[in-house]
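Protein sequence lines, in the order shown, are assigned to chains A and B. Residue numbers for the first sequence follow my numbering, beginning at 38 and rising by one. Residue numbers for the second sequence follow my numbering, beginning at 38 and rising by one.
None of these hints come from the bench; they were simulated from the model. Some hints could be false.
Identical copies go unnamed one by one, so any copy, or any two together, can satisfy a pair.
[To be verified] 30 Å max Cα-Cα, derived DSSO-like pairs, lysine-lysine:
(1) K193 to K49
(2) K82 to K188
(3) K188 to K233
(4) K188 to K210
On a predicted model such as this, the values are computed, not experimentally measured, just so you know.
Number of protein chains: 2
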Amino acid sequence: MNDKFFRLPLEKQQRIINAAYKVFSENSYKKAPMSEIATEGCVSKALLFHYFTNKKELYMYLWANAIEMTREAIIEYKTLETDDFFEMLKRSLLSKCSLMRDYPHLYVFCLRAYYETDPEIQNSIQENYNDVSKVSEMTVFEKIDISKFRKDIDIKTMYAEIFYAVDGYMLKKYRSNCIVPDEIEKEIIVLIDFWKKVYMQEV
Amino acid sequence: MNDKFFRLPLEKQQRIINAAYKVFSENSYKKAPMSEIATEGCVSKALLFHYFTNKKELYMYLWANAIEMTREAIIEYKTLETDDFFEMLKRSLLSKCSLMRDYPHLYVFCLRAYYETDPEIQNSIQENYNDVSKVSEMTVFEKIDISKFRKDIDIKTMYAEIFYAVDGYMLKKYRSNCIVPDEIEKEIIVLIDFWKKVYMQEV
DNA sequence: GTTTGGATTAACTGAAACGGTTAATAGGAG
DNA sequence: CTCCTATTAACCGTTTCAGTTAATCCAAAC
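Please model the entire structure based on the sequences and the hints provided.
And the structure:
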C-alpha cells in the first residue's frame, strides 16, 4: 500500500476507510465492488487503486486496522483492570461504542470478516483473530470475581447468552440502518443494568 | 410462476427452494445470482427460469412461502394456546426448529429479507410482514400471565433481550455454517430453561 | 419400435459490472 | 510559467449477469 495515504487529511482517510467498511460489511469479499467503495467514499476508483494496490490489500488493511483499533480502545477503557464482570462488560462495550463514533461499520465488518470463506482471505483472518479473542476470553474468566453472581445459574451459559444478545442487538441496529452511537450507548447501559440486576446475588 | 413446479417430486421442490433460500440469505437481492441458485440446487439455470418467470418472482415466492409456513408451524405447535410466557417461547422456537429441518436457511433469509433495500423488493416485503409480526407480538402481551415474573424486572426489556439473544445465536450458527437442528433444539431448550430460572419468581 | 409430450439442459445473447490501468487534468507552491 | 502532487475520466479485457432458444432426454402410449 501507498504510504501517502496517511498524509491525506484525517477526514478523508476516514471517509474512504468507512466506505470500505460499509461495503465489505454488506457484501461478501468477492461481491463487494471497489467501484461501490469509491462512490460511497466520494472519490474515484482510480484513487482507491492509487493508495491500495488491489482489493485484497485494502481488505487486509481494514482487518489489521480493526484489530489494532479494538485493542487500543480496550486498553484505553481499562477494560481488563477490574474484577467485576459487569463493569468489565460495560467498559468493553463502551469502548466499542467509542470506535463506532469514528467507524460505524467496524463492528459488523469484523463479525462478517471472521466468517469470510473466500480462499484469498480466509487463512489470513481467523488465526490472527483467535490470538486476540481467545486470549482475552481466558483473561476474562481468570480475572472476574464469580462470588458476586447468583449461585444457581451457570456462568458459561450466562456469558454466552449475553454475547448472543449483544451481537443480535448490534445486527438489528445495523440492518435497520440506524447506527447512532449516543442512542446505542444508552441502550447498552440499560441492558447492562438489566443483566446486573438479574444475575448478581442480592445483598 | 409455473404451476408445474408443484408437480415435481417434493424432494426436488425442496432442493431448489433451499438453494434459493441459501443464496438469498448470503447475498443481497441484487447480488444473488440465479446461476448460483441453479448450481446449488443441482439443476440448470434454464429450468429455474422455466418454473419461475424471473428472479423477482422467485424471491417473492420464497417470501410468501416463508410467511405461510411460519404461520402454519406456529399454529401446529399451539404456540398461542398458553398463558405461560416461557412455554410460549419454547413452542415458538421449537416450531422454528421444525421448519429448519426442511428449510435450514429460512430463518436467516427472513432476517435479511425484512431489511432488503432493493426498490424492486422493499415495498412488497415490510408491510406484509408487519401484519404478521406486529399482530402476533400484541397477542403475546395480551395473553401472557405476567404475575409469574420477578417483580423487579422490566418485562419489555426482558422480551427484547431474549429476542436479541435468539437472533444473535441463530446468526452465529448460520455464519459458522453448522445448522444442525437437533443440536440447535437442545441448545435452545438450555437457553429457555436458563431464562426461566432467571426471570421467574421463585416460589 | 415408433410416436408423443413434458422435463431438462447446453449453448447462446446482449448488456452490464468487474478489477485494474493509463494518460490526462486540476490546482496550489515556488 | 514551471513543477509537483493529488485526482480522475476514460478505457481495457474479462467475467458475470438475467433471460432465451433450440435441442435432447426419457418414459409412457400406441
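**OP:** Run the structure past the numbered hints and jot down the numbers of the failing ones, going up.
**Re:** 1 and 2
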